[in-house]
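K.L.:
For the record, the sequence lines run as chains A and B.
The first sequence runs 1 to 280 under my numbering.
The second sequence runs 1 to 559 under my numbering.
If you're looking for bench data, these hints aren't it; they were derived computationally from the structure.
Cβ atoms here follow ideal geometry from the backbone N, Cα and C, with glycine treated the same way.
Where hints are given, some of them may not hold.
Just the calculated beta-carbon pair ranges, DEER-fashion [as the list claims (entries may be wrong)]:
1. B/D386 - A/D35: 24 to 34 Å
2. A/R266 - B/G50: 38 to 48 Å
3. A/G257 - B/G483: 53 to 63 Å
4. B/N439 - A/G257: 37 to 47 Å
5. A/T12 - B/D322: 19 to 29 Å
6. B/D108 - A/D276: 42 to 52 Å
So the derived list for chain A, only partly shown, Cβ under 10 Å to chain B, looks like this [unchecked claim]:
7. T46
8. D57
9. L64
10. M105
11. K109
12. I254
13. R258
14. V261
15. K269
16. A273
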Amino acid sequence: MAREFITEVENTWCTGCGNFGIMNAMKKAVGILEDRDIPKSRIFMTAGIGCHAKIFDYMSLSGLYSIHGRAMATAEGMKLGNPGLRIVAFCGDGDALGEGIAHMMHAAKRNSDITVVMHDNGVYALTTGQRGPTSPRGFKGPSTPEGNNEDPWKPLVLMLEAGATFAARGYSGNVEQLAEIVAAAVEHQGFSFVQVLQPSVTFTNYFEEYNEIVTTLEEGPLEFDEALRLARQEEPLPAGVFYRKEKEPYEVSINRGRNPVEDRMRREKRMKAIGDTLGG
Amino acid sequence: MSERDTFSFIVGGRAGAGVKKAGSVASNLFASMKRYVFQMDDYQSLIRGGHNFVATSTSLRPILSHYMRADLLVALDARSVRAHREDVREDAVLVYNSDEVEEGDLPDGVDAIGVAMKEAAKEYPNPELRLGLAGPTALAACIGLSRDDLAELIEREYKRDLEANQAFADAVYDAVSEKAGGRFELEEGDEERPMLTGNEAIALGACAAGLDVYFAYPMTPASTILHFLAKHGKKLGVTAMQPESEIAVANMAVGAAAVGARAMVGTSGGGFALMEEAFSLAGMAEVPFLGVLSSRPGPSTGVPTYTEQADLHFALHPGQGDIPRVVASPGTVEEAYILAAEMLALVWEFQAQGVLLTEKHLSESRVTAAIDLDSAAEVSPVMHEDGEYKRYVSAENGVSPLLFPPSEELINWTSYEHDESGFTTEEAGEIAAMHDKRNRKTEAMKERLKGMRAVNRHGDGGQVIFTYGSTTMSVLEALKARGLEATVVQPVYLKPFPVWELDEYSGANPIVVEQSSTGQFATLLRYELGVEPSKVITKYDGRPFEPDDLAAELEKAIG
Ligand SMILES: Cc1ncc(C[n+]2csc(CCOP(=O)(O)OP(=O)(O)O)c2C)c(N)n1
Ligand code: SF4
Ligand SMILES: [Mg+2]
Chain A
1 MAREFITEVE
11 NTWCTGCGNF
21 GIMNAMKKAV
31 GILEDRDIPK
41 SRIFMTAGIG
51 CHAKIFDYMS
61 LSGLYSIHGR
71 AMATAEGMKL
81 GNPGLRIVAF
91 CGDGDALGEG
101 IAHMMHAAKR
111 NSDITVVMHD
121 NGVYALTTGQ
131 RGPTSPRGFK
141 GPSTPEGNNE
151 DPWKPLVLML
161 EAGATFAARG
171 YSGNVEQLAE
181 IVAAAVEHQG
191 FSFVQVLQPS
201 VTFTNYFEEY
211 NEIVTTLEEG
221 PLEFDEALRL
231 ARQEEPLPAG
241 VFYRKEKEPY
251 EVSINRGRNP
261 VEDRMRREKR
271 MKAIGDTLGG
Chain B
1 MSERDTFSFI
11 VGGRAGAGVK
21 KAGSVASNLF
31 ASMKRYVFQM
41 DDYQSLIRGG
51 HNFVATSTSL
61 RPILSHYMRA
71 DLLVALDARS
81 VRAHREDVRE
91 DAVLVYNSDE
101 VEEGDLPDGV
111 DAIGVAMKEA
121 AKEYPNPELR
131 LGLAGPTALA
141 ACIGLSRDDL
151 AELIEREYKR
161 DLEANQAFAD
171 AVYDAVSEKA
181 GGRFELEEGD
191 EERPMLTGNE
201 AIALGACAAG
211 LDVYFAYPMT
221 PASTILHFLA
231 KHGKKLGVTA
241 MQPESEIAVA
251 NMAVGAAAVG
261 ARAMVGTSGG
271 GFALMEEAFS
281 LAGMAEVPFL
291 GVLSSRPGPS
301 TGVPTYTEQA
311 DLHFALHPGQ
321 GDIPRVVASP
331 GTVEEAYILA
341 AEMLALVWEF
351 QAQGVLLTEK
361 HLSESRVTAA
371 IDLDSAAEVS
381 PVMHEDGEYK
391 RYVSAENGVS
401 PLLFPPSEEL
411 INWTSYEHDE
421 SGFTTEEAGE
431 IAAMHDKRNR
441 KTEAMKERLK
451 GMRAVNRHGD
461 GGQVIFTYGS
471 TTMSVLEALK
481 ARGLEATVVQ
491 PVYLKPFPVW
501 ELDEYSGANP
511 IVVEQSSTGQ
521 FATLLRYELG
531 VEPSKVITKY
541 DGRPFEPDDL
551 AAELEKAIG
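Build out the structure end to end from the sequences listed, making use of the hints.
P.N.:
In structure tokens:
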């Protein structure tokens, strides 16, 4: 049965929210991927918890709606369990760099073949606007009424250093480019990280600012050092594929080239292996 | 040998002296004599120094515990003599390292044989590591193994540096043979049985049922499941992975199950605490999820390499919310194999979560086991056949069929409360209906357990004794040691608690035996069965019960 890409679930994002741009880009990316022989049925998704994660209910893609901070680990388990699937994790900045930072760093380190799309609105939106790991110094929210007294992280720098083999930045205000970036990230075999600049109209309405400072990175992907240098840059903020490298995905070696669910041993063979193991 | 039907060997020394290896080789020797063996490793959470020992006991009948009163004690250092001087039987032989032990430290009334082990080892590389070899060598001499047979054993078990090993062993063999050669006569048994630990049995049982992936973060006493599956995974068709934390472990297992992979995780109390949120996720999303919790003394870091049963209530209630769950604890190594398979099959049948609760004493004890491998259960979930798919479609027993990607159908697993399709809901009727659906799985699991053996009853007479988990072995061996009559009731399943098999005991006054300081199992029995124990025998010093000591306590309690 052919389904609409957008489900009938009531959409509760604020009008003008950057999450719409990400969802539209994902819809296009799925089309692009189908043209590249990656059918929608082989894309399996997960999401954290936050405004961003509501994308799970709004798109008719299969998956598991995970918990706050754990979507990266959920995604890795999915890929390891069935390496024949393409796994996409939709995460928030709080999700991925706060609660779940360890999973992010290690997924990149081991080059797990998943795609993390990080909706970076610089705030904990769903919980009413507290500062997050990418909020600027001075950011005022209900938990920092006198202004954020921490400096923000630069997510691309972290991910490049951690070992991501695909690192990109997109902007929810540029759906066409974002769709191409996400499609390339999903197609890439290895850990793919996409930071999406996603203004929250309610808490961090950076649209005007972004429209000024977000540029298009024409020459990407770059050499590692150049990608890192550009990732550190604060202005302008180029969007595009910063870095891309071919490297065997983690799931190939850990599974010894097998697909756990498709190549499962038959019972007789398993029982014989158990007997042999016991015998010596 | 005395009129006892068990023989006990203890070898002790510093970590790094090959004590564990020495104990295992002794056990293997007993097993090769077609005898039953029970080996308990007592070691500390350190890599060098301290005091380690292995107690391995053997019999012609099935044996369910080590005995701490040794017939032969081999002390590789002074501390081992001091630690075990009270632990020797009357007619025991003590072989000690005379380069380290002061004669004044020797216990009275035993046949003490000093061997200059340090001196003998000094000539060869790795002298400290070589000390351990004195253990099996002294044993070989005392049970009258010929020099040739010993040479063969060393060739089998101590291959590295073989010549040096043979020369060192010869020196020890001569010294011991002179005074105690052939002192103990150990009869051959009827059949040679493989030796394995509880953790190995758990790993193999899960494999038998169809395990695909195992995730774990190192934590004693669960770590050897990870090591075993990492080592044998290729042959067994299992992927073993060590992620960055137990939080990652549990969430990866959830992800893997959502694409159809039969996953299992394993940890001890601290790691289990970190997994709670994922247990809750698995409960809401109805993800088949099996966790092994191997207990050590808590709270917190506690005593890493010792045993306790103080995680019972923790195992019964991990994670926020009402969650259908099955919790069970094996009483023997054989049962660990059967139960691991059975629980993996159950969690997939009911898309529920399971906790296989065990303790260091079962996880790491090594025994001769007679396992009927083929009796293991097999995972076989209810699958969606055709037509429109709804992940959480209403079902009489609460179990909605499964479907895995790739599929043209929409498959929505979720941590939020949801409607039948898996979309988030905050609607009152739907919230209550989904609770009811999940709770129906508990009822269905009870019905399922009614058709299985959820309680073991050992013996048939007189005093009723309730126990569970690895303490079952201690109780049964204690009764055997003293020839005491009792009915031992061992609930294997602890949730749902098999009240239907235990009706007859409501209002009874059983003796309860367990290894927790507050009597957690007794509390559970009071709550579930309304029993009032006449006596709760507890032990919470990290050490397993010793059968002779426990027998004395039981005798007193039985009256
Ligand atoms: C363990 C846990 N802690 C806290 C929360 C509450 N919580 C829900 S969303 C969220 C933060 C969301 O921030 P982000 O990930 O940036 O998502 P956004 O809403 O901005 O899209 C928090 C703290 C939770 N669900 N789980
Ligand atoms: S609060 Fe912000 S992030 Fe959340 S839906 Fe509204 S605009 Fe979007
Ligand atoms: Mg955010």
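K.L.:
Now tell me, hint by hint, if it's right for this structure.
P.N.:
Now for the hints, and whether the structure bears them out:
no., hint, verdict
1, B/D386 - A/D35: 24 to 34 Å, "holds, 29 Å"
2, A/R266 - B/G50: 38 to 48 Å, "holds, 47 Å"
3, A/G257 - B/G483: 53 to 63 Å, "holds, 58 Å"
4, B/N439 - A/G257: 37 to 47 Å, "holds, 43 Å"
5, A/T12 - B/D322: 19 to 29 Å, "holds, 27 Å"
6, B/D108 - A/D276: 42 to 52 Å, "holds, 50 Å"
7, T46, "holds, 7 Å"
8, D57, "holds, 5 Å"
9, L64, "holds, 4 Å"
10, M105, "holds, 8 Å"
11, K109, "holds, 9 Å"
12, I254, "holds, 6 Å"
13, R258, "holds, 8 Å"
14, V261, "holds, 5 Å"
15, K269, "holds, 8 Å"
16, A273, "holds, 5 Å"
The earlier numbered hints are all upheld by this structure, with none contradicted.
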